[in-house]
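Undergrad: Sequence:
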Amino acid sequence: MIVSTPFGETADDNVIKVTKVDLAKMSAVNTQTMKDVLGETPGLSFISTGPGIYKPNIRGLSSNRVVVFNQNIRYENQQWGDEHGIDIATGGVSSVELIKGPASILYGSDAIGGVLYFNPQQYLKYNGTKGDFSTFYNTNYSGFNSTIGVSTTIDEFSLIARASVVENGDYSGSQRPDDNDGPYESTGMESKDFQLALGYSKGNYSSDLRLNFNESILYVPHGDEEEGHDDHDDGDHDDDDHDDDHDEDHDDHEEHEEEESYQDIENFIVSWKNDVKFDNSALSVTVGFSQNLRKEFGHHDEEGHDDHDDDDHDGDHDDDHDDHDEHGEEAALDMTLRVTSLDWKYVNEKNDNIEIAVGGNFVHQTNENHGDEVLVPNASKNDMGLFMLSHFHFDSSDLMLGARADIRKIDAIGIEKTYSSMTASAGYKLDLGGSSIFRLNMASGYRAPNLSELFSDGEHHGTGRYEIGSDQLSVEKNFQTDISFETSNEKSSLLVDLFYNNINDYIFLNPTGAQTDEFMPIYEYAQSDATILGGEIAYSSETGIDWLSYYASMEYLRGKKKNDGWLPDIPPVTFKLNLDLDFSEKINYEIDILHKARQDKVATFENSTHSNFLVDISGQYELNTSYPGAKAQLFWKVENVFDKYYYDHLSRFKNYGFYDMGRNVSIGLKISY
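Using this note's numbering, you'd call the opening residue of the sequence shown number 1 and step up by one each time.
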């Protein structure tokens, strides 16, 4: 069942094309990070900062243009900063739903690129107790990733408790021409995640209370992005154009902590979802509160830092931090973001083949600065929206129509800004017989400018730019058309997705040609109409060999400003091939092949990259246990088998001359009962 859309339908029945990834059906070794979980999903890529920080990029749009839901509420962690990952532990997630394209009808401002909806671990549906433990070790960065959880249900009451820990040292890039394959300085990270869920269900009422605390330490290298390479090579090229200054071997963080820059981020979430079912309708009300605390330590004044870097120009080039001064050092940056939200939805179930959903949301957000350095000002923001969605069922087709009204108010540094918008959507699904489905969806979306785009006025050392915001920026609006066709039989399936996205008043950073007294180039936020078009093709099939099946996909994107110039962070043409070798129910192997083409259609200050070709292999074995109901599995994976040196186009470290991760061997064990 799909949760991210209102009518509680399956993926096949949904008029909106929603991709759902079920973690329970995946090999555990591929659930270490969200990038592993979603790596094979067509149309979704990640802007990365080393092996531990990933920012989702849906069809070329990221940061504030993508809405993330976690623990039943909208997830806000000052995601305009390019250094931000989603910081969501895979251990507490049961499935992930992806909507590609404008979802402002359901989720309001910022959802012009799409939605990632993380469904939390579900309660047991019967009386009893289940538990699980898994741990993985990675050789490249000497990292451990472990999670332990327990779930129990007693009559109407349910409980889930889980703890996850990640400790990653500095990572080593792939084998480089100079044979210097030591770790890159200050690229490690640490994370601790704790979850508690309390459920109650009786009759027509159910309650779901979730608490989540996450603390992350993210080390930030001192790179000079002004000296980034104009053209990066992959493993098929011999190129000595790399930065040896960043190849020193520093894998002991504690030894160098006083010299390093790092971020200390704490994120706390509490949500309470209540569902009431009536005879022919249902009401859902969710209240939530989150607090994101961010603190940054290091030589901000001397060498700069890269944590507030934003190559996709989506906003506040800043991460979130709060109070953690472990070494007696005063933080240069200290920010607190608090968000209170209310979401409600009322669904009138099928009546003469018509379903109606009405709903709305209210969000109150405050941002406070406590340190000397200020990247975005103290501010408050209020969002309010109302929507209506209707679903008409016919014999072999479905029609969905929707409309929404939104208003956003921002108050910062004595300036009050108000933005409002009306959005609409129309979708049509036709069953072509057998298992073939055709979908046509058209939707509009909007995004109000964020605090950085409105109020920036200062040096951003990580990007090597002096950035100036404009409080005259208008709302971004887009209109996207999606055409989707899928068909399947007992042995194979085919999916074709095509789209055209027209964006009015796309916000971006524009070089002025001027410099500061310190010879730092000055950039100003500007707007231009833009278009993104492309699509994805995916095909899976069994073969004539009983134990062999495969899944292949190809993605193409093209993004351009209408006044000439390419959009940033557009992934290159990408081909993926996954070979499954299922020799028995207890033994399985996988071969993953990834090819990314050269990307030289880049924005003004973005580096181009050559093509790359990577191979991963993995295996899993089910072990015999002597305890009834217990299950043990052993997993292993070798990434970048041939140790190719390459730059991923969406890697933030390519501007430092940091190659992506070299060969990495993971080995893990999962026990459940």
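Hints are computed from structural coordinates only; laboratory data are not their basis.
Be aware that a few hints might be false.
[As the list claims (entries may be wrong)] Okay, the calculated beta carbon distance ranges per label pair:
(1) Lys192 with Thr340: 22 to 30 angstroms
(2) Tyr539 with Tyr137: 30 to 38 angstroms
(3) Asp275 with Ala24: 21 to 29 angstroms
(4) Phe438 with Ile617: 21 to 29 angstroms
(5) Ser94 with Asn204: 38 to 46 angstroms
(6) Thr340 with Ser626: 45 to 53 angstroms
(7) Val374 with Leu581: 26 to 34 angstroms
(8) Thr516 with Leu581: 54 to 62 angstroms
(9) Ile617 with Thr129: 34 to 42 angstroms
(10) Glu622 with Thr487: 43 to 51 angstroms
(11) Asn353 with Ser493: 54 to 62 angstroms
(12) Ser584 with Thr340: 25 to 33 angstroms
[To be verified] Quick list of in silico lysine-lysine cross-link-like pairs, BS3-like style, CA-CA up to 25 angstroms:
(13) Lys125 with Lys277
(14) Lys586 with Lys477
(15) Lys125 with Lys35
(16) Lys35 with Lys562
Values in this document were obtained by computation on a predicted structure and should not be read as measured data.
For every residue, glycine included, the Cβ atom is placed at its ideal position computed from N, Cα and C.
Undergrad: Hints numbered earlier in the text: which of these fail when held up against the supplied structure?
TA: Hints 4, 5, 7, 10, 11, 12, 14, 15 and 16 contradicted; others consistent.
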